[in-house]
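2 protein chains.
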Amino acid sequence: MGFEITIRLPEWMDEYLEWGRPYATVEDRMRFAIELARQNTARGTGGPFGAAIFETETGALVAAGVNLVVPMRNSVLHAEIVAFMVGEQRLGSYTLAGDGRAAHELVTSCDPCAMCLGATLWSGVKRVICGADREDAGAIHFDEGPVFPESYAYLAERGIEIVRGIMRDEARQVLAAYARTRGTIYNG
Amino acid sequence: MGFEITIRLPEWMDEYLEWGRPYATVEDRMRFAIELARQNTARGTGGPFGAAIFETETGALVAAGVNLVVPMRNSVLHAEIVAFMVGEQRLGSYTLAGDGRAAHELVTSCDPCAMCLGATLWSGVKRVICGADREDAGAIHFDEGPVFPESYAYLAERGIEIVRGIMRDEARQVLAAYARTRGTIYNG
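So the protein sequences, as listed, match chains W and L.
The opening residue of the first sequence carries number 1 in our numbering; numbering runs sequentially from there.
The opening residue of the second sequence carries number 1 in our numbering; numbering runs sequentially from there.
Just so you know, the hints here were simulated from the structure itself, not pulled from any lab data.
Since this is a predicted model, take the numbers as computed values, not measurements.
Certain hints may be false.
Said to hold, decoys possible - Straight line, CA to CA, 25 Å or less: simulated DMTMM-like cross-link-like pairs of lysine to aspartate or glutamate:
#1 W/K126 <-> W/D99
#2 W/K126 <-> W/E161
#3 L/K126 <-> L/E27
#4 L/K126 <-> W/D143
#5 L/K126 <-> L/E157
#6 W/K126 <-> L/D143
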């Protein structure tokens, strides 16, 4: 048979997954990622992080993810990783780049941790838009791992643009709300 | 329903997944990880990388993974990530540490890339044993991403021991064999 692992997105996400719906501006896209993080916290289906993938030019929604570490008992399932998996499954490809495809971007409610920043490189996205930052995550005891200025430079040299601090205040309010509810800080 | 992603290990792995079987020495454990990499290449079920998780003290096999990026069309599915997911599903926990659990270690046929090194931190393993190195992977055009000496130091400071170069020659022979068969170098 082969050992199987099934990852299931929370049912409430169905109404947010209107594939192809255009999100015109960077702020529209970030608002969507933050809303996913907020809903995930409010509904108790995971950590306070949301991410989505869009076609950069058209703003068409290609994929979305939320942090599912605790409910799925899987340390890999950060919002960004889930979004990459969803996007690649939808496109039927292990990369969102190449084959004359439109350029894709990852929009995430918080700076990617070391794992997710590495994953960004392999996903084929050409731009990363971040909301809250490493310090905001650290303030509620989420470790971001070994991410250094050279890490960002490494991605930049390979043609991946990183834009940080978009709607940071709104993004970190979700983190603060999560901390107040005493959600599990699973890698503190 | 909720969007679903199913990850299935190749059927041939079934005969290798004898849970709890003890692998006494570090070399026994590495030989197993390398054999998974070799089989994955020979059977055409993915990239030339294998990984396994053991209880450090007893050597009991807890999890195993191979690179499934191309067959599963999923850039996240490096051997180490697959092994973490399998181990956490088997233990029913998002961490292999804590709760009075035995210490676990990751044994991987090649130095973890930036994504997998970050994932190591979140997995709860206390030791990482590596075979082939970054240069060996680079020699056949696999990029390892932003991993720096400070990255290893970051893990060491958090109590994760990293041991590199175990059975390196045998491990890189698998990489060389893969390159000769012109396997897909999906992030070159």
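Consistency of the hints with the structure:
1. A distance of roughly 14 Å separates the Cα atoms of W/K126 and W/D99; the hinted pair therefore holds under the 25 Å criterion.
2. Annotation: proposed proximity of W/K126 to W/E161 holds, straight-line Cα distance about 6 Å (limit 25 Å).
3. Between L/K126 and L/E27 the alpha-carbon distance is near 18 Å, which keeps this suggested pair within the 25 Å criterion.
4. A distance of roughly 17 Å separates the Cα atoms of L/K126 and W/D143; the hinted pair therefore holds under the 25 Å criterion.
5. Note on L/K126 and L/E157: the hinted pairing holds, with a Cα-Cα distance of about 12 Å set against a maximum of 25 Å.
6. Distance hint between W/K126 and L/D143 is fulfilled; the C-alpha atoms sit about 17 Å from each other, no more than 25 Å.
In this structure, none of the earlier numbered hints is contradicted; all agree with it.
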